[in-house]
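Peer 1: Residues per chain are reported as follows:
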Amino acid sequence: MDGNLNALTTVFTEFYYWVTVVFMFLIHVGFCMYEVGASRRRNHMHTLMKNIMIIPLVTVTFFFFGWWIYWAFPNFYIFGGSIDFDAGAANTPWSPNMGTNLDDRITGVFWAAFLLFSWTAASIVSGSVIERIRSSALWVHAVLIGSVFWIVDAAWGWHYAGWMVKYLGYHDAYASGVIHAIAGGYALGVLVVLGPRIGKFASDGTPRDIPPHNPWMLTIGIFLIYTGFWGFYAACNVPVIAPEVIDGQIVGTTWTATNIYLAPTTLSGITFNFLMSLSGGLMAAYVVSRGDAFWTFSGGLAGIITASAGNDLYHPIQAMLIGAVGVVIVYKLHYWVEKRFKLDDAVGAVAVHGYAGVVGLIIAGFVLWGAPSSPFEGYATITPWGQTAGAIIMFFVLGFLPGFVVSKLQAAAGVLRIPEEVELQGLDYAEHHAYEDAMAEIIEADKAHLSGKVTPAE
Amino acid sequence: MSTIGYKDWAVDLAEVGAIYPFQGWEVPMTIVGVIFWLGWHRIQFVREGKHLEEARKTGDPEKIRKALERY
Chain D
68 MDGNLNALTT
78 VFTEFYYWVT
88 VVFMFLIHVG
98 FCMYEVGASR
108 RRNHMHTLMK
118 NIMIIPLVTV
128 TFFFFGWWIY
138 WAFPNFYIFG
148 GSIDFDAGAA
158 NTPWSPNMGT
168 NLDDRITGVF
178 WAAFLLFSWT
188 AASIVSGSVI
198 ERIRSSALWV
208 HAVLIGSVFW
218 IVDAAWGWHY
228 AGWMVKYLGY
238 HDAYASGVIH
248 AIAGGYALGV
258 LVVLGPRIGK
268 FASDGTPRDI
278 PPHNPWMLTI
288 GIFLIYTGFW
298 GFYAACNVPV
308 IAPEVIDGQI
318 VGTTWTATNI
328 YLAPTTLSGI
338 TFNFLMSLSG
348 GLMAAYVVSR
358 GDAFWTFSGG
368 LAGIITASAG
378 NDLYHPIQAM
388 LIGAVGVVIV
398 YKLHYWVEKR
408 FKLDDAVGAV
418 AVHGYAGVVG
428 LIIAGFVLWG
438 APSSPFEGYA
448 TITPWGQTAG
458 AIIMFFVLGF
468 LPGFVVSKLQ
478 AAAGVLRIPE
488 EVELQGLDYA
498 EHHAYEDAMA
508 EIIEADKAHL
518 SGKVTPAE
Chain G
1109 MSTIGYKDWA
1119 VDLAEVGAIY
1129 PFQGWEVPMT
1139 IVGVIFWLGW
1149 HRIQFVREGK
1159 HLEEARKTGD
1169 PEKIRKALER
1179 Y
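Going down the list, the protein sequences come from chains D and G. The opening position of the first sequence corresponds to residue 68 in the working numbering, with each subsequent residue numbered one higher. The opening position of the second sequence corresponds to residue 1109 in the working numbering, with each subsequent residue numbered one higher.
Honestly, the hints are just simulated from the structure, not real lab data. Every residue gets a Cβ at the ideal spot worked out from N, C-alpha and C, and that includes glycine. Any given hint could be a false lead.
[Stated by the list, open to error] Derived EDC-like pairs (lysine to aspartate or glutamate); straight-line CA-CA distance at most 20 Å:
1. K1158(G) - D359(D)
2. K514(D) - E503(D)
3. K1115(G) - E490(D)
4. K267(D) - E503(D)
5. K1115(G) - E444(D)
6. K520(D) - D504(D)
[What the hints assert, rightly or not] Among the chain D residues that face chain G by a calculated CB cut under 7 Å, a handful are:
7. V312
8. I317
9. S356
10. W436
11. G437
12. A438
13. P442
With the rest of the complex left out, here is chain G:
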């Protein structure tokens, strides 16, 4: 058993193509990868929305004034 399809390198490299593990699973791997990517956006939207909602209620006018002056 070898996840890359080769148990040794007793081969002619002219006849070798892909050597990554789990060949044949490219589509499921892509689906998992896309879920990871879209999941990241989902988490980011939810977290940022919550953060901004909290932030808009906690502003101290004096600190805001100082922040504006500090540029």
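This is chain D alone, in the form it adopts within the complex:
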């Protein structure tokens, strides 16, 4: 680091990303609480462990190959491109940059910020399939969505040199598509093969509500997800950078914060828009769901997700209205798909993440029509068709298709769904019987001790 200003900037940037990572951990805590709260008592521990083990599995695979994919795949076989081994070299697990290195203080925290997005993508899928998927099957999906497919989409559409940005003008500043649409699409692909939980649909096909066992746990869970989302937004920015470092079209010497494409934005602007889109989503969801608590909370999230593609540039009132419009579409679509295709999405993840992401990308194409997608020369500008093509790539090509194909293979091998008997008796008894037995034994022991101590006179 040459000079004190450079040193200060580097260490500030290092600390900035580190803080975002800590905040984003709350997203995973929130997802765990939401899933456990939504599951029935007989499936608690299994549901929790299914989500917790996403953390180590996605982390190690993201270290081994996920991070390399991001740097090596921006032009992978698209429009004459190929794997960029030079850019990928510094991001292999055997690179000196992937460890304590006084010449590189950024890779570790930047890697971690992306990794936390990976956990989120996998966790979105995890919630929709609770109470009937085998953990072993889900963990393969977690690695695929967390360390392969989402990071391929990030290389294509969430990288300053990604082919989707160059040729489609794809713009997705806070990941409506690259995290939420792909994860929602992937979850849909799995759900189509997995099938609904026992009892979800009446014999005439009418869907039944399966209420959460603990609504308060759900409430706290989603509030933690909101909190972690702040960190996610900050992590999507470059906090401060000079035009000469960007080395694009920007002239002058004014430093700025940028989005992931190195195009200018402000932390202040995205803070306006985060809160206004959250509010628009909450208000619309309360009305459209007629005050249903969980749809209202999820609507807040869906509002942010819908506006996220353009929240680096929107006016706050635009963010509010876009969030509100998105939620109405998403809510209606959820119930139509559930009834029409007998789809049991236990937490509404396909709708809140997938549909909201797709709708948000398309809306951004209209509202930001003609705006530059990048600070570099020769890149396409933002258009409705570029955004629509991007939404299809995210939701169907990299989301739905892999989820569907891998689930079909797992189903054919008989390793996708738990046996019916186990589904009815509950996964906790089947897989955690030692815990149940130990609990029963210690309760009996305590009761025996109590009855031995207490005399009738007392």
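Assemble the complex: chain D is given as a structure, and chain G must be docked to it using the hints.
Peer 2: Leaving out everything else, chain G in the frame of chain D:
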């Protein structure tokens, strides 16, 4: 055409101000936003009034007693 007023970033950022879409339409946007907000209150008052009117006629004395005991 660009809704944000910039077709590329070949600019000196020292000379750039607002970069949100549809600059100049802030007042109409505010009016739309306020209509959304007030409309929300209107819908809520109507719906809650109707709900409470229905609820006051459907109370089962036995269920009410149990609800009181449950605290």
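Peer 1: Within 20 Å, alpha carbon to alpha carbon, are K514(D) and E503(D)?
Peer 2: Distance ~17 Å between K514(D) and E503(D) Cα, so the pair holds.
Peer 1: Is K1115(G) within 20 Å of E490(D), Cα to Cα?
Peer 2: This hinted pair is violated, its Cα atoms lying about 57 Å apart.
Peer 1: Against the 20 Å threshold, does the CA-CA distance of K1158(G) and D359(D) hold or violate the hint?
Peer 2: At roughly 16 Å apart (the allowed maximum being 20 Å), D359(D) and K1158(G) satisfy the hint.
Peer 1: Under the criterion that the straight-line Cα-Cα distance not exceed 20 Å, is the pair K520(D), D504(D) satisfied?
Peer 2: violated, 24 Å
Peer 1: Tell me if the interface restraint on W436(D) is satisfied: Cβ within less than 7 Å of some Cβ in chain G.
Peer 2: holds, 5 Å
Peer 1: Hint validation: G437(D) versus chain G, beta carbon distance must be below 7 Å. Holds or violated?
Peer 2: Since chain G brings a Cβ to about 4 Å from G437(D), closer than 7 Å, the hint holds.
Peer 1: Please check whether V312(D) passes as an interface residue: C-beta within 7 Å of a C-beta belonging to chain G.
Peer 2: violated, 13 Å
Peer 1: Taken at face value, is the distance from the CA of E503(D) to the CA of K267(D) at most 20 Å?
Peer 2: Roughly 27 Å separates the two Cα atoms, so the pair is violated.
Peer 1: So, as I understand it, the hint says S356(D) touches chain G; can you test that by seeing if any CB pair is closer than 7 Å?
Peer 2: Nearest chain G Cβ about 12 Å off; hint violated.
Peer 1: Less than 7 Å between beta-carbons is the criterion; does I317(D) satisfy it with respect to chain G?
Peer 2: Hint holds; I317(D) Cβ to chain G Cβ min 5 Å, cut 7 Å.
Peer 1: Under 7 Å, Cβ to Cβ, is where P442(D) needs to be relative to chain G, so tell me if that hint holds or is violated.
Peer 2: The hint holds - P442(D) has a Cβ within 7 Å of chain G, the shortest such distance being about 4 Å.
Peer 1: Given the proposed pairing of K1115(G) with E444(D), does the C-alpha separation stay at or below 20 Å?
Peer 2: holds, 11 Å
Going through the hint list in order, the structure does not satisfy hints 3, 4, 6, 7, 9.
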